[in-house]
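Asker: Those sequence lines, one after another, are chains V and G.
Take 1 as the starting number for the first sequence in my numbering and just add one per residue.
Take 157 as the starting number for the second sequence in my numbering and just add one per residue.
Take these hints with a grain of salt, some might be off.
Think about it this way: if two alpha-carbon atoms lie no more than 20 Å apart in a straight line, the pair counts; the simulated EDC-like pairs of lysine to aspartate or glutamate are [said to hold, decoys possible]: (1) Lys573/G - Asp560/G; (2) Lys191/G - Glu27/V; (3) Lys192/G - Glu27/V.
Source of the hints: derived by calculation from the structure; they are not laboratory data.
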Amino acid sequence: MKPKYTSLQLFALTALRVSIGWHFFYEGFTKLLNPNWSSAGYLNDSQGWFAGLFHAIAGNQSLLAAADFLNVWGLIAVGVGLLIGIFSRYAALGGMLLLAFYYLSHPPLMNASYSLPSEGSYLWINKNIIELFALWLVFLFNTSSIIGIDRLLKRK
Amino acid sequence: MSNDAENSKLLGRRNLLKALATVPLLGTLTYAGLKKHSNTAANNVEVLNALGFPKNTGLSIKPGAVGTIIHNNNPHIRLGFIGVGGRGRHLMQCAGFAPPEYVQDWMDKHAENPDDNRYQNFLEQDDLNVSVIAVCDVFDEHARLALEAASNADKKGQKDFKGITVKRYKTYQELIADKDIDAVVIATPDHWHAPIAIAAANAGKHVYVEKPMTNNVAETYELKDAVIKSGIAFQVGHQGRQTESYIRAKEVLDKGVLGKISLIEVTTNRNSPNGAWVYDLHPLATPDTIDWKQFLGNAPEIPFSPERFFRWRCWWDYASGLSGDLLTHEFDAINQVMNLGIPHSCVASGGVYFYKDGREVPDVFQAVFEYPNRDLTFLYSASLASERHRGKVFMGHDGSMDMDGVTSVYVDRASIKYKDLLDRNLVNPDEPALTFSSATGNIDAITSPTAKYFAKRGLLYTYRDGKRYDAAHLHIREWLDAIRNKQQPSCDIQQGFEEAMIAHMATISYREGVKTYWDAEKEMIVKGNSVKM
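Using the sequences and the hints given, assemble the complete structure.
Answerer: Laid out in structure tokens, this is it:
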């Protein structure tokens, strides 16, 4: 069943989906183009509840290679899915999963400070978690069956 | 009917348009992303070219080709260790031998905390095909730990340790007289370095001696003569020789990237009792467990003092404080990349300003060395009472360089050589234009802010062929390689002679309140104003 939106609602929701897709795709794409890119530094800088896990990944060559691969291609897949609206709801879930990892590896806790400078000031809530909630909306208020390749797939 | 067909055709087209509405965005983003990437890449190539590191030619020194990695591990070498306190035992560990109680502790710690990898790292340390067949120390407890380490070639914990199988000698003379020993590692207090190294060289034993090479001027000549006459492989313990980012810094200097360098500043910034040589007094230290007379050696006779025994770096009779302990490291780091040699003159000053614990050596210390033939000043500034990070800085007319765990090159705002890059905003004088970090083995021009930030903080480790190493392990290894190949290692007697002499110039200047000069012809230190600039 296609959801019913006013055209303004449809425009707003599609814009949200496409912007997040754009962001994911470009994050993945630049990492893909940079042969020296590695998540090791980011993972090593982790703090909070799961810091041990993220440090362990950074410390193990094959785990790190797997994390790098999944991150780059995960970002690109989610980005493409949201941008052109193909398997868009799965893409939204995948994106939420990635964002959950980023959030948990660098939670903006009361006493946490990171080597990696952030561009704003955050306490508990940061842009990762906001983008995660935004993706939840994208998931719940699907637009890809109206504007997107999913429209064609749904027909069959 | 035709109307219906037209309608459904129209619907079909509308349908397709809606389905594909956002696809052009993907194309636009891919195109724009690639364009941005190629612009950045082109800028990087231009910066690298301008700085003398053309990207397509790669590095002239490949990571891993730096220093020596042993290819031929034969023949087996039998070592004797003289002086096995903290440093001596660390060197022993770097050669593959640790006391079973340490190994046990690392195993237990790893069981508690899987992130504690000391046990794993020790097991994975490359085998050097050596054995430690004798140990000499004047303190029973240090000797016991070292004997157990030397007898623990299997790297076992306490549970599986089979007992001591290695000889302890009470004097270094007896150890050196042992015909089975090929080479000795000397990690005694400084006043014993030269006498033992001279005896060892005269007996034909290869020598690895901790820094500073000597504790006074006279013995520096004697040791140099003994080493040259004997032809032994001789290495001074400046393990910074193995630091890959230093070797990379040398490449930057050799290419003249910084322009004319007129000032080099090196520093020591420590702020802990341990860093100020206030080492723990061992509870088992008594006149019965320590051969006090032998510890003193040629030093003036005084009653037994655990403070002096463990904190010997604080007294002139046994050491020279900052000059011998830390200036030598800093000087050797610069000497290895610039071949500075012994300076024309030195002025030193400082005082005991923080650790008023009865020590003689200063805890804040400055030494200024002039190299008129190189048109530059080499400045050493040290504090044991502040940890604010100041690195090793080369100040050139066209650029400056930090030589740390990571080597970073900055273009100078007023550079003439790089004016074009500056005018076109291709380089930012406030950020490194070139960094080298051992971890990736790459030289990067302007990379992402993240990479830059991590690079600057030195959060990246030193690797060889992708494997992490302790520099002291590599330094010992280079010495063993030299023994096997009948060569001299990197920090040989000439380098050690220069290192020792500049430390003595600084110490004499400080203690006697005079300017010291180096008379290059006579190869001697001259005091006062007797040599004209």
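Asker: Next, verify each hint and record whether it holds.
Answerer: Status of the hints after comparison with the structure:
Of the supplied pair hints, the one linking Lys573/G and Asp560/G is violated, its CA atoms being roughly 25 Å apart against a limit of 20 Å. Between the alpha carbons of Lys191/G and Glu27/V the distance comes to roughly 15 Å, so the proposed pair stays at or under 20 Å and holds. Proximity of Lys192/G to Glu27/V is assessed by CA-CA distance (about 13 Å); at most 20 Å being required, the pair is judged to hold.
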